[in-house]
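Trainee: Please construct the entire structure, taking both the sequences and the accompanying hints into account.
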Amino acid sequence: MPLVPEIDFGTPASRSERMVTLTIDGNEITVPEGTSIMRASMEAGIKVPKLCATDMVDAFGSCRLCLVEIEGRNGTPASCTTPVAPGLVVHTQTSRLKDIRKGVMELYISDHPLDCLTCAANGDCELQDMAGAVGLRDVRYGYEGDNHVKARNNGEINARWMPKDESNPYFTYDPSKCIVCSRCVRACEEVQGTFALTIEGRGFDSRVSPGMHEHFLESECVSCGACVQACPTATLTEKSVIEIGQPEHSVVTTCAYCGVGCSFKAEMRGEELVRMVPWKDGQANRGHSCVKGRFAYGYSTHKERILNPMIREKISDPWCEVTWEEANAHVAAEFRRIQYQYGRDSIGGITSSRCTNEETFLVQKLIRAGFGNNNVDTCARVCHSPTGYGLGQAFGTSAGTQNFDSVEHTDVVIVIGANPTDGHPVFASRLKKRLRQGAKLIVIDPRRIELVSSPHIKASYHLPLKPGTNVAVVTALAHVIVTEGLYDEKFIRERCDWSEFEDWAAFVAEPRHSPEETEAFTGVPAETLRGAARLFATGGNGSIYYGLGVTEHSQGSTTVMAIANLAMATGNIGREGVGVNPLRGQNNVQGSCDMGSFPHELPGYRHISDDATREIFEKLWGVTLNNEPGLRIPNMLDAAVEGTFKGLYIQGEDILQSDPDTRHVSAGLAAMECVVVQDLFLNETANYAHVFLPGSTFLEKDGTFTNAERRINRVRRVMTPKNGYADWEVTQNLARAMGLAWNYSHPSEIMDEIAATTPSFALVSYDYLEKNGSVQWPCNEKNPQGSPIMHINGFVRGKGKFIRTEYVATDEKTGPRFPLLLTTGRILSQYNVGAQTRRTENVVWHEEDRLEIHPHDAENRGIRDGDWVRLASRAGETTLRALVTDRVAPGVVYTTFHHPTTQANVITTDFSDWATNCPEYKVTAVQISPSNGPSDWQIEYDELARRSRRIRGKLEAAE
Amino acid sequence: MSEGNKLVRMANQIATFFHSQPASEAANGVATHINKFWEPRMRRQFFDIVDNHGGEGLDSLVLEAAPLIHRPPPAEVPPAARAGNAAAH
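From first to last, the protein sequence lines stand for chains A and B. Position 737 of the first sequence, counted from 1, bears residue number 737 in UniProt numbering, the numbering being contiguous throughout. Position 68 of the second sequence, counted from 1, bears residue number 68 in UniProt numbering, the numbering being contiguous throughout.
Rather than coming from a laboratory, the hints here were simulated on the basis of the structure. It is possible that part of the hints are untrue.
[As the list claims (entries may be wrong)] Short derived list, chain A residues pointing at chain B, Cβ under 7 Å:
1. Tyr141
2. Tyr340
3. Gly630
4. Arg804
5. Val808
6. Trp914
[As the list claims (entries may be wrong)] Pairs of lysine-lysine residues, derived as DSS-like cross-links and limited to a Cα-Cα distance of at most 25 Å, are as follows:
7. A/Lys280 with A/Lys303
8. A/Lys303 with A/Lys722
9. A/Lys771 with A/Lys782
10. B/Lys36 with A/Lys799
11. B/Lys6 with A/Lys813
12. B/Lys6 with A/Lys619
13. A/Lys239 with A/Lys466
14. A/Lys303 with A/Lys239
15. A/Lys954 with A/Lys303
16. B/Lys36 with A/Lys801
17. A/Lys239 with A/Lys619
18. A/Lys458 with A/Lys433
Each residue gets a CB set at the ideal place from its N, CA and C atoms; glycine is no exception.
Mentor: What follows is the structure, given as structure tokens:
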């Protein structure tokens with residue numbers, strides 16, 4: 001198996017539809033207008049020597065190696081910066097060009113170390129390749145003169161030399177190997193959009209500098225890896241390559257972190273992963289990555305991974321390692337006993353949004369066909385279930401309406417309740433690129449997130465609303481659009497129900513929805529809100545991107561409907577550059593929902609009460625399916641506390657840490673008689689488990705993930721599962737132990753079953769994906785190429801539905817005891833509950849969760865930056881350290897939930913979305929006071945966690 | 001908060017949304033929502049509140065919707081209890 005080939009065309013593709021024909025080295029070639037001669041040559045198969053050009057960034061023209069001669073033109077223009085023109089006759093190799101190139105290479109090499117044999121880039125060095133390409137045979141200048149290479153010149157200290165910067169945990173910067181091509185600087189600007197790198201000095205003094213001559217780790221660098229990928233030499237090199245050597249084969253797969261679903265090449269040496277490199281043909285990421293996907297895979301070989309199944313009678317006992325057969329037989333016997341004793345509906349399961357579509361499909365199949373009930377749910381319950389409900393009501397499908405490429409065509413963007421630079425970093429980079437080209441931005445968020453103001457990005461409007469007032473703010477935007485006549489009547493008359501629009505318009509036009517009225521409780525100045533509404537309605541293609549700051553509220557579903565109303569009223573649905581775009585949290589949360597993980601729905605979002613749908617599955621599976629909806633996660637916990645729910649199979653989900661009101665979750669788990677946790681690590685939920693089944697990583701299995709744009713991407717196995725089985729095999733073996741005659745030999749067979757039963761997946765197969773790379777569902781007879789953009793010629797439900805969205809204040813109110821509002825979020829370097837990222841070097845960026853508090857609120861309470869504080873709500877209390885910042889408004893505090901010791905969810909309450917029971921994570925009334933150390937709960941919990949991780953015959957786990 | 005109270009709160013939250021919708025759709029909206037998303041034992045508890053506790057705490061719209069909400073079948077008697085009963089006879 002070779003390395004996956006990727007051609008570097010040197011400069012980006014042109015979008016022009018006008019074609020130009022020219023002749024290069026005697027070959028006639030036709031390319032889009034605006035293409036560089038370098039790119040046109042490469043398309044004809046002619047490699048013009050180059051160093052400073054690469055097709056991820058714009059042409060720069062600094063290395064003087066890619067020169068060409070053009071008949072009728074003077075001089076030797078750089079092919080990277082010279083566009084094609086009709087009828088040009090270009091020569092890429094003449095004696096004049098050969099001499100110039102050789103001279104240029106001589107100069108480069110005269111200031112470059114000659115340690116090629118021991119260099120980490122040996123075999124992957126463009127400088128080495130170019131020296132070969134131009135036939136460099138000697139360097140007339142010698143190596144003794146002024147240079148950046150040697151620490152000492154003739155015994156004297158060489159002030160131009162700089163030691164290697166090894167501060168970043170994942171890559172090194174060796175200035176002595178730098179040829180100052182600026183590719184890294186431009187990648188940081190153009191691809192990532194962070195502007196952390198620059199060239200300091202001039203002429204021979206020039207060198208790459210993170211920030212103001214800082215170390216990488218101390219600079220603004222976000223460690224996305226774009227610079228490392230762009231570097232043509234060993235100047236920026238992955239530490240893993242330095243340690244292991246060059247990879248010998250690579251496999252395209254999909255990242256298992258956030259919902260962007262970036263495509264990567266897993267570059268391997270045998271079964272050892274050398275590095276992950278973003279794949280240029282990946283449709284979601286277009287060759288870009290973030291610190292998590294690019295570098296944070298070390299958890300897959302972490303020493304704390306559990307590799308053998310374990311059982312214990314009581315959760316106070318130490319774990320006892322058993323064989324897979326014993327574990328499966330034990331679970332099967334326990335689940336059957338519980339059902340015999342307490343009834344068929346007394347057990348259930350949770351599918352994992354981190355596992356593949358195929359694995360999720362099997363877990364829900366096990367529950368519906370094997371357990372004989374519909375008690376299945378997934379983590380989307382606590383994130384985007386309101387998206388499913390809200391968009392389903394308005395448009396007829398829960399699907400996000402666009403692909404990520406759509407952002408390249410947008411003119412005005414609303415980002416509401418999302419922090420893409422931390423939560424969805426690769427999408428954020430693509431958005432920032434569009435903003436730098438001139439698109440306008442409106443941010444609706446209680447915090448001043450990075451997009452509000454960062455280098456070369458400035459939001460036109462930031463609406464810093466009070467947490468919990470989303471519906472009021474979005475309805476007020478609609479008020480302005482309707483009362484000022486800015487709605488798109490033609491679109492509405494064509495695509496929506498006009499009388500429903502009139503009803504809705506009359507509702508939003510009521511004076512109580514005006515920004516002047518709502519300002520009092522939303523905190524958003526009326527003029528700012530009016531300006532934002534006008535901009536969105538009149539600024540061209542308008543798109544809305546949103547995250548959990550929208551959904552995780554008691555009115556989450558209502559806000560989703562309000563967003564859908566806004567998009568329809570302004571005619572922003574059904575083409576490129578517009579749409580309603582939920583930014584989904586986990587890698588496969590879209591897929592897990594698609595695969596029938598909700599208790600009321602079979603795969604493809606078909607209600608369980610629908611006889612025709614049930615019949616499809618009943619025939620294939622040979623069982624009778626229950627036609628009543630099952631329990632959702634919070635309902636399962638309620639039923640457990642009540643005594644009617646006793647057994648739970650949890651695949652790859654840590655509900656104790658991720659779900660709200662930890663005390664309630666732990667009470668529910670503690671009341672069960674058989675909790676089965678399948679995971680990589682002894683997670684927090686496993687503290688309450690009776691059986692532990694070791695899971696496998698995304699590197700160890702075949703399957704598919706579906707990202708936030710509905711794109712079905714292949715996951716490919718690159719190494720043997722350390723635990724012995726891929727997760728789909730674990731579920732299959734358990735199902736067999738329970739008497740089900742399953743016989744899948746490969747996940748592709750599971751996908752075939754999905755396609756055969758689910759109309760929106762009808763044409764999807766592994767062969768199809770092999771041929772087409774990826775596809776966005778619906779993919780069927782009607783949409784054989786998939787569906788990048790939804791609702792192009794009308795809504796899925798027929799006419800788009802406008803729905804009245806009345807603002808209702810949450811019951812979670814501030815008062816004298818709890819005067820501040822806590823809201824929660826994420827940080828770039830950590831992922832979700834941190835089970836993976838905490839077991840990587842990413843901890844250097846975020847070793848603990850901090851409480852952000854405004855200087856006024858801090859001062860009132862005598863709290864200084866870095867102090868330990870007690871954070872209390874009516875649900876519970878915890879302690880963590882304060883971070884005093886005006887990024888949050890007075891009255892609002894903020895924290896992340898990546899570390900189990902923080903126990904942020906001890907604080908959050910059991911309030912939830914009215915429609916879906918999605919918890920209200922984003923609003924909790926709290927009080928903050930100085931503290932000396934951990935709360936009693938934290939101390940008790942630490943002790944419980946320590947005790948419950950004991951394994952018989954082994955030393956205590958270290959965590 | 002007891003589970004019964006929680007159920008009342010959930011039902012009332014649904015009603016709060018549908019109060020703002022056109023009156024002709026409101027009761028039906030509440031009933032459809034509960035029929036679609038509430039597991040039978042939740043609806044059983046709900047009807048216990050309606051039938052045996054005078055609908056205490058429930059929003060008027062929920063009560064209006066109650067006749068439209070599907071009555072679940074009686075709770076399953078677990079095989080163990082059935083076996084126990086059989087043995088007793």
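Trainee: Could you run down the list of hints and mark each one as holding or not?
Mentor: Hints versus structure:
1. Among the interface hints, the one on A/Tyr141 is violated; its C-beta lies about 77 Å from the nearest C-beta in chain B, farther than the 7 Å criterion.
2. For A/Tyr340, the suggested interface contact is upheld, since its CB lies about 5 Å from the closest CB of chain B, less than 7 Å.
3. At a threshold of 7 Å, the smallest CB-CB gap from A/Gly630 to chain B is about 6 Å, leaving the interface hint in force.
4. For A/Arg804, the suggested interface contact is upheld, since its CB lies about 5 Å from the closest CB of chain B, less than 7 Å.
5. Of the supplied interface hints, the one on A/Val808 holds, with its beta-carbon coming within about 6 Å of a beta-carbon of chain B, less than 7 Å.
6. A hinted interface residue such as A/Trp914 counts as satisfied when its beta carbon comes closer than 7 Å to some beta carbon of chain B; here the least separation is about 4 Å, so the hint holds.
7. Our distance criterion of 25 Å between C-alpha atoms is broken by A/Lys280 and A/Lys303, whose separation comes to about 33 Å.
8. A distance of roughly 11 Å separates the Cα atoms of A/Lys303 and A/Lys722; the hinted pair therefore holds under the 25 Å criterion.
9. Annotation: proposed proximity of A/Lys771 to A/Lys782 holds, straight-line Cα distance about 19 Å (limit 25 Å).
10. For the hint linking B/Lys36 to A/Lys799, the alpha-carbon distance of about 22 Å falls within 25 Å, and the restraint holds.
11. Distance hint between B/Lys6 and A/Lys813 is fulfilled; the C-alpha atoms sit about 18 Å from each other, no more than 25 Å.
12. Between B/Lys6 and A/Lys619 the alpha-carbon distance is near 38 Å, which puts this suggested pair outside the 25 Å criterion.
13. A threshold of 25 Å between alpha carbons decides the hint, and for A/Lys239 with A/Lys466 the separation of about 44 Å lies outside it, so the pair is violated.
14. With a CA separation close to 20 Å, the supplied pair A/Lys303 and A/Lys239 stays within the 25 Å bound.
15. For the given pair, A/Lys954 sits about 13 Å from A/Lys303 by alpha-carbon distance, which is consistent with the 25 Å threshold.
16. Note on B/Lys36 and A/Lys801: the hinted pairing holds, with a Cα-Cα distance of about 20 Å set against a maximum of 25 Å.
17. A threshold of 25 Å between alpha carbons decides the hint, and for A/Lys239 with A/Lys619 the separation of about 54 Å lies outside it, so the pair is violated.
18. About 12 Å separates the Cα atoms of A/Lys458 and A/Lys433, which keeps this hinted pair within 25 Å; it holds.
Figure legend: structure checked against the earlier numbered hints; hints not met, in rising order: 1, 7, 12, 13, 17.
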